[in-house]
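Colleague: As numbered in the numbering used here, residues 29 to 119 make up the sequence shown, in order.
Check each hint, because a few of them may be wrong.
Claimed, not checked - Now the in silico label distances, taken between C-beta atoms and shown as ranges: (1) Ala102 x Glu75: 38 to 44 Å; (2) Ser89 x Arg51: 14 to 20 Å; (3) His98 x Ala48: 24 to 30 Å; (4) Thr84 x Thr112: 39 to 45 Å; (5) Glu115 x Gly53: 46 to 52 Å; (6) Val116 x Ser89: 28 to 34 Å; (7) Glu85 x Glu115: 38 to 44 Å.
The hints are simulated quantities; they were obtained by calculation from the structure and are not laboratory data. All values derive from a computational prediction rather than experimental measurement. Yeah, the Cβ is synthetic: ideal placement off N, Cα and C, and Gly gets one too.
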Amino acid sequence: MPEVYLGPAYLLSVSVGAMALVRAGLWLRHSNGRVKTGDSEAEFRGEMRAVQSRQTEILLSLTRETATTHKILARQTVILEQLTGTEVEGR
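Make a model of the complete structure from these sequences and hints.
Modeller: Okay, structure coming up:
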């Protein structure tokens with residue numbers, strides 16, 4: 029059975045989707061059956077800031093990983109061209 033490579037774009041979409049679900053869950057928890065007081069509103073905003081901060085960390089990490097992947101692919105393309113003596117299409 030062949031191995032499947034889950035690239036950075038796939039991981040990015042999964043993490044963004046997961047964070048959206050977390051944010052929706054926080055919103056539902058705070059809006060469903062709770063009286064809106066200053067304390068619960070401040071608590072909700074604090075939790076949302078924490079989720080947004082974590083999401084930003086994940087996106088930055090995946091961006092760095094994507095850049096590294098592109099550099100590796102560019103190097104592999106150059107090596108392939110040198111070994112075969114032909115130019116790879118799409119470069």
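Colleague: Where does the structure disagree with the numbered hints, that is, which hint numbers, in rising order?
Modeller: Violated: none.
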